[in-house]
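Residue numbering for the sequence shown follows full-length UniProt numbering, beginning at 1 and increasing consecutively.
It should be emphasised that the hints constitute simulated quantities derived from the structure, not laboratory data. Every clue listed holds true.
Restraint ranges, calculated between C-beta atoms of paired labels, are given here:
no.: 1; residue 1: 3; residue 2: 72; range: 16 to 26 angstroms
no.: 2; residue 1: 24; residue 2: 78; range: 16 to 26 angstroms
no.: 3; residue 1: 16; residue 2: 92; range: 31 to 41 angstroms
no.: 4; residue 1: 79; residue 2: 35; range: 19 to 29 angstroms
no.: 5; residue 1: 88; residue 2: 1; range: 11 to 21 angstroms
no.: 6; residue 1: 32; residue 2: 90; range: 27 to 37 angstroms
no.: 7; residue 1: 102; residue 2: 13; range: 51 to 61 angstroms
Note that the structure is a prediction, hence the values are computed from the model and not measured. Each residue gets a CB set at the ideal place from its N, CA and C atoms; glycine is no exception.
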Amino acid sequence: MAVKIRLKRMGKIRAPFYRVVVMDSRTKRDGRAIEEIGKYHPTEEPSLIEIDMERAHYWLAQGAQPTEAVAALLKVVDGGTLKTKEPKTSKKDLYEAAIAAAGKADDGGSAPRKKAEKKSDAPKADAPKADEAKTDEADTAKVEA
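Work out the full structure, taking the sequences as your base and the hints as a guide.
Pasting the structure below:
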């Protein structure tokens, strides 16, 4: 189950307040929560933020991912010491890194490159022989004429 720590909107139309809840990512925004761990009142001056950090750290340890808004709130409450899982590197980045590493290794002169060079050298050696044969034929043609 993909668990997220996110905000659940409550209140009136122009007077919102939020509860910080732990819920499955597939449920509705205002749906049933697994656990309510705090509240956030943005309209009050100063904004009221109450979060049970013990429960928040527990859910983060269990693999719950905070939304961007909740991550910002957790940093404010926890004094900037929030530790969340680092996102995995994308497959595209891994692929590009592997290509770059392979490119550096091939610059050193690996076996497949040497074989390709030998094949390219062989036709060049045949080409002058063909040119010599053409020039010999041209010389004999001039002599006969």
